Structure formats: structure tokens, C-alpha cells
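Trainee: If you read the protein sequences in the order shown, they are chains Y, C and H. Numbers in my numbering are just positions in the first sequence, counted from 1, shifted up by 34. Numbers in my numbering are just positions in the second sequence, counted from 1, shifted up by 259. Numbers in my numbering are just positions in the third sequence, counted from 1, shifted up by 277.
Derived by calculation from the structure, the hints in this document are not laboratory data. Computed from a prediction, not measured in an experiment: that's the story for all the values here. For every residue, glycine included, the Cβ atom is placed at its ideal position computed from N, Cα and C. There could be a bad hint or two in this list.
[As the list claims (entries may be wrong)] Facing chain H, a subset of chain C residues (Cβ under 7 Å, in silico):
#: 1; residue: N268
#: 2; residue: I270
#: 3; residue: W291
#: 4; residue: P317
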Amino acid sequence: MTALLPPLAASGPSLAWYLTRSTGAVALLLLSVALALGVADVRRFSTPSWPRFVVDALHRNVSLLALVFLLVHILTAVLDSFTSISLVAAFVPFAGSYRPFWLGLGAVAFDLLLAVILTSLLRGRVGPRAWRVTHWLVYACWPIALLHTLGTGSDVKTTWLLTLSVACLALVLGAVLVRVLDGFSRDSARGRGLAIGGAFAFALGLVLWLPSGPLGSEWARRSGTPSSLLGHASTSSSKIVVNP
Amino acid sequence: MTSHRLRVNPIACEAHGMCHELLPERISLDEWGYPILDGAPLDPALLAHARRAAAACPTLALLVERRSN
Amino acid sequence: MSAHLSPNQLLDRPASDEPGLPRLLAGIPARGGLGLREHLSLHGELPVVEGRGRARRAGASGLIDEVERAGLLGRGGAGFPTAAKLRAVAGASRSLLGGARPIVVVNGAEGEPASAKDRTLLRSLPHLVIDGAGLAAAAVGAQEVLLGVCESSPPALDAVARALEERRGSRRGGPLDGVQFQLRPVPHRYVAGHESALVNHLSGGPALPTFTPPRPFERGVHGRPTLVCNVETLAHLALIARHGAAWFRRLGAPEQPGSALVTLTGSVVAPGVYEIEHGSPLASLIDAADGLTARPRAVLLGGYSGTWVDASRLREVALSDRDLSPFGASLGAGVVFVLSEDACPVAELARLTRWLASQSARQCGPCLFGLDAIASAFEQLSGGAGKRDAAEPRLRSLAALVRGRGACSHPDGVSRLVSSSLDVFALELADHARHGPCAACARPSELPRPRVPRPATAAPA
Numbered sequence: 035m036t037a038l039l040p041p042l043a044a045s046g047p048s049l050a051w052y053l054t055r056s057t058g059a060v061a062l063l064l065l066s067v068a069l070a071l072g073v074a075d076v077r078r079f080s081t082p083s084w085p086r087f088v089v090d091a092l093h094r095n096v097s098l099l100a101l102v103f104l105l106v107h108i109l110t111a112v113l114d115s116f117t118s119i120s121l122v123a124a125f126v127p128f129a130g131s132y133r134p135f136w137l138g139l140g141a142v143a144f145d146l147l148l149a150v151i152l153t154s155l156l157r158g159r160v161g162p163r164a165w166r167v168t169h170w171l172v173y174a175c176w177p178i179a180l181l182h183t184l185g186t187g188s189d190v191k192t193t194w195l196l197t198l199s200v201a202c203l204a205l206v207l208g209a210v211l212v213r214v215l216d217g218f219s220r221d222s223a224r225g226r227g228l229a230i231g232g233a234f235a236f237a238l239g240l241v242l243w244l245p246s247g248p249l250g251s252e253w254a255r256r257s258g259t260p261s262s263l264l265g266h267a268s269t270s271s272s273k274i275v276v277n278p
Numbered sequence: 260m261t262s263h264r265l266r267v268n269p270i271a272c273e274a275h276g277m278c279h280e281l282l283p284e285r286i287s288l289d290e291w292g293y294p295i296l297d298g299a300p301l302d303p304a305l306l307a308h309a310r311r312a313a314a315a316c317p318t319l320a321l322l323v324e325r326r327s328n
Numbered sequence: 278m279s280a281h282l283s284p285n286q287l288l289d290r291p292a293s294d295e296p297g298l299p300r301l302l303a304g305i306p307a308r309g310g311l312g313l314r315e316h317l318s319l320h321g322e323l324p325v326v327e328g329r330g331r332a333r334r335a336g337a338s339g340l341i342d343e344v345e346r347a348g349l350l351g352r353g354g355a356g357f358p359t360a361a362k363l364r365a366v367a368g369a370s371r372s373l374l375g376g377a378r379p380i381v382v383v384n385g386a387e388g389e390p391a392s393a394k395d396r397t398l399l400r401s402l403p404h405l406v407i408d409g410a411g412l413a414a415a416a417v418g419a420q421e422v423l424l425g426v427c428e429s430s431p432p433a434l435d436a437v438a439r440a441l442e443e444r445r446g447s448r449r450g451g452p453l454d455g456v457q458f459q460l461r462p463v464p465h466r467y468v469a470g471h472e473s474a475l476v477n478h479l480s481g482g483p484a485l486p487t488f489t490p491p492r493p494f495e496r497g498v499h500g501r502p503t504l505v506c507n508v509e510t511l512a513h514l515a516l517i518a519r520h521g522a523a524w525f526r527r528l529g530a531p532e533q534p535g536s537a538l539v540t541l542t543g544s545v546v547a548p549g550v551y552e553i554e555h556g557s558p559l560a561s562l563i564d565a566a567d568g569l570t571a572r573p574r575a576v577l578l579g580g581y582s583g584t585w586v587d588a589s590r591l592r593e594v595a596l597s598d599r600d601l602s603p604f605g606a607s608l609g610a611g612v613v614f615v616l617s618e619d620a621c622p623v624a625e626l627a628r629l630t631r632w633l634a635s636q637s638a639r640q641c642g643p644c645l646f647g648l649d650a651i652a653s654a655f656e657q658l659s660g661g662a663g664k665r666d667a668a669e670p671r672l673r674s675l676a677a678l679v680r681g682r683g684a685c686s687h688p689d690g691v692s693r694l695v696s697s698s699l700d701v702f703a704l705e706l707a708d709h710a711r712h713g714p715c716a717a718c719a720r721p722s723e724l725p726r727p728r729v730p731r732p733a734t735a736a737p738a
């Protein structure tokens with residue numbers, strides 16, 4: 035019976051490995067939805083059945099849910115003994131040994147998200163001004179999270195993850211567009227121009243980078259997977275061969 | 260005997276209107292979307308709702324103040 | 278604006294225990310400011326507060342007691358008891374641990390267009406104001422005084438600067454020694470004279486009101502306990518310190534003792550700043566101004582945030598808050614404006630409310646939108662587009678809607694003006710609603726509305 039259950043901490047595809055990848059993907063999706071809801075919130079979107087407080091509460095709850103999935107994602111990544119990712123590496127960028135740069139981006143995104151969520155939970159204490167300024171960090175957090183997904187994720191060549199990434203990118207680009215086209219905003223024209231320009235430059239850069247990057251050959255090696263794990267892991271999730 | 264009162268910081272208020280959605284019993288909106296408060300003490304049964312409304316305000320303009328009589 | 282005084286007053290005779298008028302305006306020179314030497318020979322030296330430390334503080338609180346006995350009320354418009362204000366600031370600074378030293382602000386912003394009394398005092402009798410400010414500083418334990426003077430009045434700025442120079446040149450060893458005075462120009466805006474706006478400006482921010490609490494007496498300029506006092510109030514204080522509470526009370530009414538400055542303008546022969554005894558009849562003020570130039574329609578009392586009184590009741594009006602309360606009016610900042618019968622009140626109000634709307638700090642929605650709507654309603658009646666018969670009920674509901682919903686009292690003042698106008702000018706308003714603009718609508722404005730440069734709007738968060 036036990037043989038049927040993938041061991042949690044074995045040298046191979048473990049439950050933790052599956053969990054960390056799946057929760058990571060869900061976290062990316064939820065983060066994207068949360069960002070879109072945030073834009074709807076600041077644009078004062080409401081309908082009779084979706085009053086303002088619902089949009090606002092939904093934005094908050096989806097963000098918190100994203101955080102929960104993120105925490106499971108991090109914990110399972112740490113617990114999984116296939117890759118030795120320490121707990122420290124989850125918070126301190128670029129401290130790990132497994133694909134340090136790309137994993138490190140994840141830590142950066144996580145730290146930024148923590149800052150945003152903590153200030154939001156303690157909004158009454160930090161005051162509206164500090165809260166608002168910190169909240170802008172989400173626009174840095176999201177692209178970093180996407181890059182982390184594409185760079186670290188061993189599923190990047192799969193259809194499901196690529197589709198998910200493209201969908202999230204489209205959602206966020208749309209949200210940024212809606213945010214920037216806010217006629218009532220006090221934001222400067224220059225700031226808006228920068229936002230639009232930056233968003234599309236990012237998307238363009240991504241499209242240009244992907245084929246020769248994560249979608250190219252030998253990405254596992256080029257991204258910093260420790261050599262002891264190379265040969266065991268291919269970028270396809272289901273074909274892990276374990277040498278006893 | 261402490262009572263609680265609603266107050267709005269009219270400079271911070273940007274007429275989002277969430278306070279009215281969350282506490283329609285005590286907050287109504289004028290024709291421009293700004294809250295109208297009557298200044299009377301809050302019914303203790305509404306206190307939790309009032310606090311929620313104050314926490315939901317995007318600019319933290321709504322205040323629940325404690326007064327001791 | 279000329280200032281007037283009783284023909285018997287001579288420059289070199291000390292005012293000392295003269296019960297009558299003038300008091301503040303005694304010795305006012307025809308031009309320029311009264312010099313330090315003349316000021317001291319007219320009013321005498323300031324009483325010295327003896328001793329050091331606790332004895333000195335006791336002496337300072339003795340002054341507060343005297344001011345309380347005198348019953349001096351603030352002359353900036355709100356009429357708040359000055360002694361209570363002094364005590365609040367003195368108390369606020371004591372309660373802080375080691376804390377921030379209090380500071381005194383002289384409010385000479387005078388954003389009210391129809392008022393000139395503060396400018397007159399600063400321009401012509403600066404030493405009286407400086408005396409009062411220094412005494413107030415000693416009373417609350419402050420060592421700094423900021424003299425806020427309207428920047429659009431160069432004569433006032435010059436006179437105060439010169440007076441401060443004179444004082445620096447003569448170290449007299451009096452109670453004002455050790456008090457630092459600083460002249461600070463203040464933008465000429467209607468709301469700049471509001472306490473929190475003035476404090477905001479002096480703390481380096483815009484001259485726009487802030488949300489209170491905390492009030493200036495707790496946290497004002499740079500977070501310090503701040504005493505904000507009107508120019509005229511401090512002038513009275515300077516005389517009370519010399520002559521005592523009993524002397525102060527020899528004029529005026531028990532609940533509103535002493536004298537007051539009023540700015541009488543409009544359809545009078547000799548408009549200007551006058552000193553009156555509280556409770557004296559309006560008719561005698563008009564007589565002192567050599568009478569009217571035209572048949573009056575109504576009198577505006579208090580300021581642009583004040584109340585109208587119909588001309589038919591002029592004979593009943595006496596200048597004290599108690600006498601004015603049956604009319605729903607108060608003396609306020611001492612503005613008395615006589616509107617002539619030739620003017621169209623509706624057109625005047627349209628222009629006035631439009632001006633008042635432009636003076637909004639634009640920080641609070643109900644003020645920003647409400648005052649604009651009020652002005653539009655009056656404009657509809659005096660020739661603008663729109664449904665005329667809807668204008669009056671609209672004005673009634675707007676007056677109720679804007680009251681108390683701003684961070685400062687600007688919308689409250691407009692609300693009061695509108696309510697009063699609906700009452701006193703009911704006939705003209707109904708007439709305009711039915712027939713549209715009248716011939717007098719096009720007449721030039723009688724109520725002054727200074728053109729002020731558009732200020733920067735409130736900075737976004």
C-alpha cells in the first residue's frame with residue numbers, strides 16, 4: 035500500500051514536489067486575479083449586485099488566499115528533499131543553491147507581497163499615506179513572480195503552465211491599461227506613460243526571451259540547477275528517472 | 260458610560276461610498292456621493308458594522324470615536 | 278480706509294483712565310505707524326512682571342486672571358473667551374513631558390474683503406499689537422511670536438517691520454525681553470485666516486485648513502501648542518494689562534464688555550474703521566460716518582459669512598451679540614456693510630457666492646460642490662440658464678446640506694449667508710424667479726470681491 039503513495043521525502047518526484055509546483059501555479063493565478071480586482075477597486079467598479087464593498091473585500095480575500103497558497107508553495111519546496119532549498123532561501127533572495135537567481139526572484143516577490151499585505155492588515159496603524167505608497171509595490175511584485183515562475187518552474191515547457199502564464203499576463207496587462215486610463219486619477223501623464231510603456235516593454239521582452247530562455251534547450255543547466263540533479267530531472271514533469 | 264460617534268474627515272474623504280453600503284442605517288450620501296452623518300451616538304448593536312465600515316474606507320476618512328459622557 | 282477718533286483726543290495726553298472712546302484707536306496717526314516713543318508716552322510702559330521662575334509664572338497667570346475678569350472675547354469672528362484660550366495653551370504646554378515650547382501666532386491674515394480693522398491696527402498702531410502679543414507669550418510661557426500679516430498689505434508689513442526694528446534697537450528690560458518676534462507674510466485668501474490654515478502655512482504647508490482635532494492649542498505650528506489670536510484681541514489685551522479689568526468693563530455690556538473695531542463700508546459718506554462701544558446703536562455708527570449716501574436696502578453684519586438685516590429694522594439694531602441675536606446675527610469680525618436700494622440683492626448675491634465658491638480650499642467635497650451649486654442657483658435667478666423656479670428651494674436645501682460638512686467653517690458661513698438672504702430678500706428672489714433678471718442686475722457690484730490669484734489646489738496624497 036505504501037508503495038503506491040509517492041514518498042514525501044524521497045529522491046524523486048515526491049508529493050511535496052507536485053504540491054509546490056501546483057500551489058505555485060495557483061498562487062500566480064490568484065495574484066493576477068487579485069491585481070485585477072485591485073484595479074477594479076481603485077477604479078470604483080460596482081454594479082447593483084457587486085457593490086463597492088464586495089469588490090474591495092474580494093480583492094482582499096483573494097490576496098490573502100494567494101498568500102496561503104504561496105506559503106504552502108514555499109513550505110513544500112523547502113520540505114522536498116529532491117532539491118535542497120532552505121527556508122532562508124524563501125525569504126532571503128539569491129541565498130539558495132537551486133537555480134539561485136530564478137528562485138531568488140521568488141523570494142523577492144514574496145518579500146514584496148508580504149510588505150503589501152502586512153501594511154494592508156495594519157492600515158490603521160501605518161496610516162493611509164504609507165499604505166498607499168507601499169501598495170504600489172504590487173506592480174513590481176507581479177512581473178517578478180512571473181519571471182520566477184518561468185525561470186524556476188520545471189513545468190515551463192508544458193502547455194498548461196504556458197497557457198496559464200499567458201492568460202495571467204493578458205489579465206494583468208489589461209488591468210494596467212484600465213488603471214492607467216483612469217480619467218479621475220491624480221497621477222501625472224508622465225507616470226501613466228511610463229506605466230504603459232513599462233508594461234508593454236516587459237511583455238515584449240518576455241516574448242523575445244522565452245524561446246531562447248526557459249523554452250530553449252538545456253534551460254535546467256543554464257538556470258543553475260545543481261549538477262547533481264541534472265540528468266535526474268528533465269523539464270518534463272512526468273519523466274523523472276531515479277538511479278538507485 | 261462611553262458612547263461612540265461617527266465622524267468623517269472631510270479632507271480625506273473621496274466619496275467612495277463604501278461606508279454607506281456597509282452602514283446604510285446611519286450614513287447616507289449626498290448628491291455628490293459624500294457621506295452625511297447626523298452626529299448622534301451609535302447604537303451599540305451597530306458598533307461592529309461601524310468599525311467594519313471605518314476599516315473598509317479606502318482613505319480611512321471614516322472614524323469611530325469614543326466619547327465618555 | 279480712514280480711521281476716526283473723537284476730536285478731543287490729543288496725541289500727547291495719555292489715555293490712562295479715560296473711560297471713553299477711543300481706546301485702541303487713540304493717537305492713531307494720519308499716515309504711517311505710531312512710533313515706539315509716542316506709543317509709550319500715550320499708553321505708558323507695560324507693567325513689569327516681577328520675579329523669576331515660579332513667581333514670574335504666577336505673574337503671567339495673574340495676567341490671565343485679569344483678562345478673565347475683563348471678559349475679553351476674541352475679535353477674529355468666533356468670539357471665544359480669550360482667557361480660556363490662554364489657559365488652554367498654557368495648560369497644554371505644561372502637560373507635555375519636557376515638551377514642546379508653546380508659540381504665539383498673531384492672526385493678521387484678514388481674508389475678509391469687507392474688513393480692514395486688523396490691517397489698520399497693524400499699519401498704524403503696530404506697537405499696541407506687539408505689546409499684546411508679547412504679553413500673551415509671557416502668559417502662556419512662549420518665547421516666540423509669529424506675526425502673520427496679510428501679504429497684500431505692504432503698508433502693514435512695512436509698519437510692523439519698522440516697529441520690530443525700533444524694539445530691537447531699544448532693549449528696555451521689560452516683560453517682552455526674551456520674546457522673539459518674527460514677521461511672516463500670509464497669502465491673501467479668504468480661508469487663510471482660519472486658525473488651522475494659518476498654522477498649516479506657518480508650519481511650511483499650504484495656507485489651507487486641516488482636519489481638527491488636534492486643535493492648534495494642543496498641536497499647532499510644527500506640532501507645538503499654539504495660541505492663535507486676532508490682531509484686535511491682542512491690542513485689547515495690551516490695554517487691559519495696563520489699565521485693568523475694571524477699566525475695560527467701564528464700556529460695553531456685561532456679557533460683551535469693552536470696545537470693538539468695526540469696518541463700516543457701503544453706502545455711507547465716510548466709510549472706514551470705527552471704534553464703538555459694545556451695545557451702541559447702529560444708527561449712531563452711521564451718524565459718526567456722516568450718514569448714508571443712498572437709501573439702504575439692507576445691512577450685512579459680521580462679514581461675508583454673516584447675516585443680513587432689513588433696512589426697515591435699522592433703528593432697532595445695536596452692535597452687540599446679544600442685541601443682534603434676535604436678528605440671527607452676530608458682530609463677528611466687525612463688518613458692517615450697507616447695501617443700497619439701488620443694488621439688486623440677487624445679482625449681488627450671485628457674484629458674492631460665486632466669489633465665495635472660488636475661495637473654497639477645494640479639499641472637501643460638500644464645500645467644493647455645494648458652494649458651486651449655491652452660486653449657480655443665484656446666477657440662474659439673475660440671468661443665467663436653468664429653471665428659475667427651482668432655484669429657491671434648491672438654495673434652501675443646499676444651505677442645510679453644506680453646513681458643518683467641511684474641515685473649516687467656510688461652508689457654514691456661506692450657509693448662514695444664504696439662509697439669511699432667503700429670509701431678508703424673499704421678495705426680490707420670488708420676483709426674479711417669476712420674471713427673471715431685473716434692470717438693476719447689471720449694475721456694478723457694491724460688495725467688494727478682491728481678485729486673488731488662483732492658488733495651488735490641495736496637494737494630492
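Trainee: Against chain H, with CB atoms and a cut of 7 Å, does the hint on C:I270 hold up?
Mentor: Holds: closest Cβ of chain H sits about 5 Å from C:I270, inside 7 Å.
Trainee: Hint validation: C:P317 versus chain H, beta carbon distance must be below 7 Å. Holds or violated?
Mentor: Since chain H brings no Cβ nearer than about 11 Å to C:P317, farther than 7 Å, the hint is violated.
Trainee: Is the interface hint for C:W291 satisfied, with its Cβ closer than 7 Å to some Cβ of chain H?
Mentor: Since the shortest Cβ distance to chain H is 4 Å, the answer is holds.
Trainee: Answer holds if the nearest beta-carbon of chain H is closer than 7 Å to that of C:N268; otherwise answer violated.
Mentor: 5 Å, holds
Checked against the numbered hints listed earlier, the structure breaks hint 4 alone; every other hint is satisfied.
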